[in-house]
Amino acid sequence: MEMFDGGWGLSLIVFLPLVGAGLVLLLPKRQESAAKAIALLFTLGSLGASVLAVVRFDFDATEQFQFGTDLSWISAIGSRYHIGIDGISMPLLVLSTLMTVLAIVYSWNHWPEPHNPKAFLVLLLLLATGMNGTFVALDLVLFFIFFELVLLPMYFMIGIWGDRTKIRLPGFRREVETRLYASIKFFLFTLFGSAFMLLGFLALYFKSDPHTFDMARLAEAGQMGLFDGTFGAWVFAALFLGFAVKVPMWPLHTWLPDAHTAAPTVGSVLLAAILLKLGSYGFIRISLPILPQQAQDWAPVIAVLAVIAIIYGSLACLAQTDLKRLIAFSSVGHMGFVMLGISTLTDVGINAAVIGMVAHGVITGMLFFLAGSMQHRYHTREIARLGGNMKLMPVIGGLLAFTAMASLGLPGLAGFWGEFMALLGSFNPLDGLSLTVFRSAMVAGAIGTVLTAGYMLWMLQRVNLGEPSDEWSGHDLHDADGFELAAWVPLVVAIFAIGVFPKIVFGATNDAVSELVRRAFGG
Amino acid sequence: MLVSQFLVLAALLFSIGVYGVLVRRNAVLVLLSIELMLTAVSINLVAFGAYLQDTLLSGQVFALFVITIAAAEVGIGLAIVVMIFRNRSSANLDELDLMRW
Amino acid sequence: MIAGFIAYAGEIHEPAHLVDGGVLAQYAWLIPLVPLVLMFAIVFFGKRLPYKGWELAEASMLFVAIYGVALLVMNANEGITHEGSIEIARIGSYTIEWGWVVDGLSIMMYAVVGVVGLAVFTYAKGYMEGDSRYTWFFAAFTLFAGAMLVLVSSANMIQLLVGWELVGLASYLLIGHYWEDHSNNAAAIKAFLTNKIADVGLVIGVIIVGVTVGSFRFGDILSAVSAGDSALAQVAFWAGLALFIGAMGKSAQFPFHVWLPDAMAGPTPVSSLMHAATMVTAGVYLLGRMFPFYQSDLFAADVKTWIIIIGSITLFAMGLLALVQDDLKRVLAYSTVSQLGYMTVAMGAGAYTAGLFHLFTHAFFKGLLFLCAGSVIHAVHSNNMSDMGGLRKPMPWTYRTFLAGSLALAGIFPLAGFWSKDEILASISYDAGHGGGAIASVVLWIAIAGAFVTAFYMARAVYLTFFGEYQGQAHPHESPRVMTYPMIGLAGLSIVGGFVNVPGLFTGFTEWLAARPLPMGDHHAESIDFALAATGLLVALAGIAAGTRVWRRDAATQRERDRFRVPLLYPLLEHRYFVDDLYRVALTDPIKGPVARFIDWTNTYVIDAVVNAFGAVAKGLARVVYGGFDQRGIDFVVNAVAGGTNEAGEMLRRTTTGRVQQYAGALFGGAVLLVVGLLIFT
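Chains as they are written, first to last, in the working numbering: chain C, 1 to 523; chain V, 524 to 624; chain W, 625 to 1306.
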């Protein structure tokens, strides 16, 4: 246990999937069940270790980094293997390990075409390492590596197993396959952002004295005012680009609907549940503590962009004809609430952002699972062709209704707290921020919840209710099978539990966030 | 010492080589033309080496290098030509566009 | 501040003892919890039970009814105020709690939800027999009961919001119970969204008040009110208005009333319990919960003007609409909206007791009326009165109970509605003399006129449904006992329910409601105002009389009977009732004809049109934003960058012919160019 607490535990969580990936790689391609077993075993190990970390987590000191270790790594540039979790990263780490396991359970007999479980699992495990690593990294170089590590597996997942329908795009002369277009767009967008992010990291490194990539030391320096002025503004802008693409914030969001729609089910789930959170987590972990002054300058801009995203995403949802694309656009709106929470720079707002991230992870992950399963059966995502799903598949239909309700922010389910608390935070933002901007944002955000309810209910009406079309009379539309249920039940339980007892998340985040805000903004 | 006659000779040789490289169809002859060009370069190197009275004999040494590399290059080049000839029963460069994007 | 209340208010009713309530109050959290837990039991195990889950639903309501009545009895002996809270999260300086409050107001609501709920759940067993989603119906219905109890038991505003939205969810699920038909789904969505729009107000109000006070507990907020908290006073107007907008949505006040008549698409027990007796009164409940906040001049007293205006528009205009409906349930729905207007007016007049007293009696008689309507619909398989008529004989118990409910609603002495409506009139009259001013005087007349309209449309409903010749296809028969017994029970309560508050004789209800930790500053009359009571009663009787004149006649079809204009006037003239003539020209004709039609028209073509226009504009905007801007604007730039790169590559790749000699030519040509360049430029 001492070794576990002293950094081994977290390393285990991060690198078990990588070891698993190596082992799966060694297996012959034909031994699929062995590959699945190994992948499941190693991700379960990772999940188990993260649960153990929660059990051993000291909830009285959530603002401190626990289970940390700080080893010399690349001494030439002073980059260290510095990892640890506090109350902010802990829920996200658990979410990440849990979603990976569920993704593998779901995939058990739902392999996307072309059928190649071995390669798919290797990528999935690699992805898990990248995601888990991002949440534990406390060194900018380490963070960057994990942040970028996530890109490749997702790129290949979309590019190889993605949607093969051809689309004609404005600006392109020829038709392209959706998967190719979406994967390249995803990769380039993220790379574009992270190139600036890296520049920002390097600028921080060279400005700090002694040169360091350590987040805590940089935060101390930043709070002393070392990065104030024009330098800080440029660095914040660079980091902003990197994180905002990932969140994604309007108007950098256009990769998201394409990538989510084209990705295979599991890819969409992980993309929505975890990958988007890397961006907002970056804001909380890096941008705010290290550049508090610039954060205050930028906060109204972020708030306005967040509100535009909320309204814009909801309106765009109303125009969608494709089920997955609708869910994808809903992410734009929901992440808008997360960013609105962050932009208030208050403990309430940032807490709201973290619980909003967790809730969006489980809810939208669940929605993508359901959409994938429905596509698997109907072989279409066209909303107009669906209808009466509740009659054809009562369990899937019921779960879709439940999750849609959670997604529109029904109190008592997980989605409510993030939205409500973000609005609460923006009524009373950090002292010195423009009340006009933030209170207008609150009203606009509240109106956004009406639009959210509108498109979700409309979607439910068109997909779930009414009489099913004759088109489906001869089809084998079996309801949810065992593996699907095994993957979904934990999410349903989580949506419900967080909604009824939000302390599950707030209990971990609250002190950590308060301390962060106190140190950075003196609030 | 006059250097210009060596240079004229080298220029002539080089031009013949360029002509051969650009015009001949047969890959073997193109390789031979390349050899001519290399020879021209070697002559230049030796000529300048002698003309400048370089104590380190750089020109002559480089000429030796060029000869060595030319030998290696011809070895590999001929091997490729033989392989191509085996596969396509032709060493005609007009018919070869394997390198096209 | 308290002194201010005393000076402002007529009298403060504080029960002699306020006790903690003991074990019964400490375990009051069971009241919302039991239905919610049983709801899950119904979802998971309901289908395997002998009565398919109904027994669990019924058990939950039995529990709530017994608990609620026990608390009511205890509260009647000595006032109870108890508050308990469990922390469920801490966020920044705010605490999020699950709380339960046991005081006069919530106890009254527990009892109403429990008793009416018990009756309706029993009734529903018969009504829903054979429904394809029988178990699911009871699950959703139990969810509603639980959510409603979460709402009324809430000790803080966030929990109130939770319950508020959850009853909205239950409403959505149950209005759309027959979801095979998309028109029902449309009604369900309309209800949810209309409420959600109003909820924007509620959310903002909750945030303003909670943040300003620093706590979401009603106790803390009302303490701040009684302490005259200046920070809260600054935002009080906007907060009060925002909260009232939320209340307007749930209580279907003009202009948010549009959802309630459409909500009749749900099964009738749903209309009875949710859209008449309990859920729609949540807005009035909220105003009652926050009453001192609205009552104090320092705080949101200015909002009361808006409340009373909105309430009076609703009570009158919506009552008129009930006159032109053919669907029996829609008649009752508009009537419900109108009665909610009465409650709102009472709240706006500063009459806490009167508004909640009407809520109390209305729950019984309007719940009853819907159950009777359901019984009729069950028998004739149609909602329309044009398919009914003459049902008095085949359905004697339905007729008797419907009549009792109608008379109670019309405000006929000594039925429940008489007492509560009189209390409201007396309170408005009191307010007119104590700060309400001219507006209150006008509203008093509107309320009296509303009483006429109420009696008038109920007379129409009774005559068209139960008198005349039967017009339908099915063979009407009395409903089974499982349906008639609850109706008889509620009829009994509709008859005697008003005696709990007889001004001057027995004012138990006033004292029960006053059992709150802080004084309410309630406006209400101490003794019965005989003149006003007589006016109210006479107006109601006049309404019935007028209704009888218009609709009590036989004709070949219901449509002919329903058309008052044609043969009616001649008998009246022959009987020399010139007064009737006068009524027709000056009152009934305009009211029933152009005025009501105009209101109906504005309802459809103005307000609904605005709602639809919002939808259409949002959809159109969505198309523009997505298609025009997102896809052709932002994405075009992104694609154009990629496409441009692609095109450039396409062009450049033509130069890579694969011909070695062309490459070599280019090489030498380049070298020559370089040399020439060097020679020229050096």
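What the hints contain is simulated information worked out from the structure, not anything from laboratory work. Quick reminder that beta carbons are idealized off the backbone N, C-alpha and C, glycines included. A few of these clues could be false.
[Said to hold, decoys possible] To give a feel for the contact side, a few chain V residues facing chain W, derived at Cβ under 7 Å:
{"#": "1", "residue": "530"}
{"#": "2", "residue": "545"}
{"#": "3", "residue": "620"}
[Unchecked claim] Mimicking DSSO-like on lysine-lysine, the simulated pairs with C-alpha atoms at most 27 Å apart in a straight line are:
{"#": "4", "chain 1": "C", "residue 1": "36", "chain 2": "C", "residue 2": "166"}
{"#": "5", "chain 1": "W", "residue 1": "1017", "chain 2": "C", "residue 2": "391"}
{"#": "6", "chain 1": "C", "residue 1": "29", "chain 2": "C", "residue 2": "118"}
{"#": "7", "chain 1": "W", "residue 1": "676", "chain 2": "C", "residue 2": "391"}
Do the hints match the structure? See the list:
no., hint, in the structure
1, 530, "14 Å, violated"
2, 545, "5 Å, holds"
3, 620, "3 Å, holds"
4, C/36 <-> C/166, "31 Å, violated"
5, W/1017 <-> C/391, "41 Å, violated"
6, C/29 <-> C/118, "6 Å, holds"
7, W/676 <-> C/391, "20 Å, holds"
In this structure, the hints that do not hold are numbers 1, 4 and 5, in rising order.
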